[in-house]
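Trainee: Listed in order, the protein sequences are those of chains A and B.
This note's numbering applies: residue 349 is where the first sequence begins, and numbers increase by one.
This note's numbering applies: residue 349 is where the second sequence begins, and numbers increase by one.
Simulated from the structure, these hints should not be mistaken for laboratory data.
A quick note: this is a predicted structure, and the numbers were derived from the prediction, not measured.
No residue lacks a Cβ here, since even glycine has one placed at the ideal position from N, Cα and C.
Some hints could be false.
[Said to hold, decoys possible] Here's a subset of chain A near chain B, in silico, CB distances under 10 Å, partners left out:
1. VAL511
2. LYS517
3. HIS702
4. PHE723
5. GLN725
6. HIS729
7. GLY772
Number of protein chains: 2
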Amino acid sequence: MDNRYAKMWEKLNLDLSGHDALLEVLGKFYGDIYLSQQNRLRGAEYLDFVVSEIHGLRIKELLQARERGQKVIGTFCIFVPEELTIAAGGIHVGLCAGADAGKEQAEKILPRNTCALIKSFVGFKLARLCPFFESCDLIVGETTCDGKKKTYEIFSEYVDMYVMEVPNKKGPGDRELWKSEVLKYKYKLEEMVGREITKQDLKNAIKIVNNKRKVLQRLNKLRGNIPTPISGRDVLLVNQISFYDDPVRFTEKIECLCDEIQDKVRQGEGIVNKDTPRILVCGCPMAVPNWKIPYIIESSGGVVVCEESCIGTRNIRDLVDEDGDTVDEMIDALVDRYLKIDCACFTPNEERIHNIMDLIEEYKVDGVIMYNLLFCQPYLHEAMKLERILNKKGVPVLNIETDYSMEDIGQLKTRVEAFVEMIGY
Amino acid sequence: MDNRYAKMWEKLNLDLSGHDALLEVLGKFYGDIYLSQQNRLRGAEYLDFVVSEIHGLRIKELLQARERGQKVIGTFCIFVPEELTIAAGGIHVGLCAGADAGKEQAEKILPRNTCALIKSFVGFKLARLCPFFESCDLIVGETTCDGKKKTYEIFSEYVDMYVMEVPNKKGPGDRELWKSEVLKYKYKLEEMVGREITKQDLKNAIKIVNNKRKVLQRLNKLRGNIPTPISGRDVLLVNQISFYDDPVRFTEKIECLCDEIQDKVRQGEGIVNKDTPRILVCGCPMAVPNWKIPYIIESSGGVVVCEESCIGTRNIRDLVDEDGDTVDEMIDALVDRYLKIDCACFTPNEERIHNIMDLIEEYKVDGVIMYNLLFCQPYLHEAMKLERILNKKGVPVLNIETDYSMEDIGQLKTRVEAFVEMIGY
């Protein structure tokens, strides 16, 4: 056990031996997937540090912030507006989980046909393996899929839950409903902190979160160069960390990383050669430490050049308009920005298809791998539709349905290798 | 082939040999499950007639109505207000399907982890086995689950679809959204028929549909007697037919059936003896010809005394207030009535638990069988929650997860027999 944090974890009522075992496995896993990379960027030291301290220093920071009266809000989805949390002086963290932990406990209260992501966050909580759950003042869910919507009902027996309603369509009535939900979340935060969010609070917060999105846009623009200057694994990790670390620090660190990449690009240097097949990964989010598919792709001769995912372009494409002068104008800007998210929870969701077509062009993609979590009905449906569309357009596509287990690694590797070889010709 | 309708089916572009084969199987199935019952009520002749003519005379009626300019609206869910369809001079029919037909075709466009009900309606259409699909002017879906919400997107490539948005919660903003959806459906119908729905149209339609619900309430009240005067299978069939037959004729016929049952009740006669274990079936809808579970229960020594289902009490519990004098007042009454539906699509859905508790008491239930379609996440989640609650209250409960195949009949029969025997003591 890491002695620096043992007391803290004990105080948070974690299962100490289970948690130790988890950290050990993850450390080894991280070493194999990340530290083994050749010609890695110097700026990746920040990533390594954050990961190594994700249950340590970062949790300490959260607890210290709470002592100062700041609120910590845990979320599962990019629909919960981080701008409001920050405007209320709070800290916004992602709780989506990407590892098979506590699965047995989770399956006692969830239907077996539930996706791995849901089983994972329930499992992490029930098995007392996640210090983030234990460091939150409130956990905010949303109604983006049947699985989560219904899980939150049961989960609220274990944590303090608040659920935002995301509508099923994007018509005028839906915008109104969503605006009322955004306002309700604002009131909830104001009630928690005992003061109103001011114009200036919100203006600053919008800027902070926009800056985070902008640096991720910059990173994506740079990585799009040929040859690819950074691995897909590393960019995924950057995206994952954007949900955990302090947004201002994160932005600074990733700006430095981008500067370094820019130099590499100027010198025409890449982490792979220019003929490496360029893969767009589409679909379900990959929560930390879910690095399975990018690792398979990048150890099969391909390189991931873009993630069309909530932990990827879906979360960073759109900025909040910064021109608003009143709280109401800024709320409207938030409402509009969040309703642009092309989540499969909407019907129809044609904009997602257009966005994917744009990404294929922008990133000079050679092939698309659809990443679907087993039982994730919204993305599975769209994957079938997208596969037909891409087939018609002559874009090579591989449709993968998997979970967090390692049992299908061999089979997936065979399929991905064949796909990469096929598009490499 | 039934020569009386061969030309009609051909004109509807059905797969004639496939359709013949289907009718033959269903005829045999119906004989085994329904006609074999002893001491069956005389009024059941109506049921037998409707079933025998479901693809014949009824379709002929629909086509004749269309020739007269009436519109036929096909639906999958009890959220689509039949009152509006009737007010617009239209005919409202259910398209949910309860048999494994066209599954292979359906699976080409749907994820394999899709529930049997969805696969079935898609399969019936794609395999050209259902004359109802071919006799509709418009097909109206709704956003009650991820599976249906996303299936309609693909399905709209094959049929003329219109999708109503059912919200995820029941707050004031949701009521507003739902009201706008009800109004939009009204405008859609008005556009189709080229005239406005009048106050009198709507008043009459509300009465017609309320009368249908009232006779089903009467039937349920009567069947609650001990000994049970009518089989669960027959009541399920009555409920199923309520989605297909003309509502006025249906109401008359079921009133007669109820008169007959009332006589039996007065004489203390039942179709089983008074000690037969009384089962409440809860959960997913059983669309025609899905009679699998009631048949298993009733051939295992139990009797179904109530169906807590969309094709059951969920559809008939609440009436529309008839006091409205203006169109707007009546629309409000519709909106309020439909939002009382305790569908698992809502979060939370506590009223369903209370309603089930009431049914257990009202119908003197000995045991509850939860009927869940595989992959139906909303009802599967609620079933797990309900199971825990019923266990705590000491109500025997059996949780079943199945589909439309016959492969698990043996296993289910064993489980149901053991359950019935256990609660019979």
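Trainee: So, for every hint listed, does it hold in this structure?
Mentor: Cross-check of the supplied hints:
1. Because the smallest distance between the Cβ of VAL511/A and any Cβ of chain B comes to about 7 Å, under 10 Å, the interface hint for this residue holds.
2. The interface hint given for LYS517/A is met, as the beta carbon of that residue sits about 5 Å from the closest beta carbon of chain B, less than 10 Å.
3. Interface hint status for HIS702/A: violated, as the beta-carbon distance to the closest one in chain B is roughly 15 Å, over 10 Å.
4. Interface restraint check for PHE723/A: the shortest CB-CB distance to chain B comes to about 6 Å, inside 10 Å, so the restraint holds.
5. Restraint check, GLN725/A versus chain B: the minimum CB separation of about 4 Å is within 10 Å; hint holds.
6. At about 4 Å, the closest approach between the beta carbon of HIS729/A and any beta carbon in chain B falls short of 10 Å, and the interface hint on this residue holds.
7. Because the closest C-beta pair between GLY772/A and chain B is about 29 Å apart, greater than 10 Å, the hint is violated.
Against the hints set out earlier in the document, violations occur for numbers 3 and 7.
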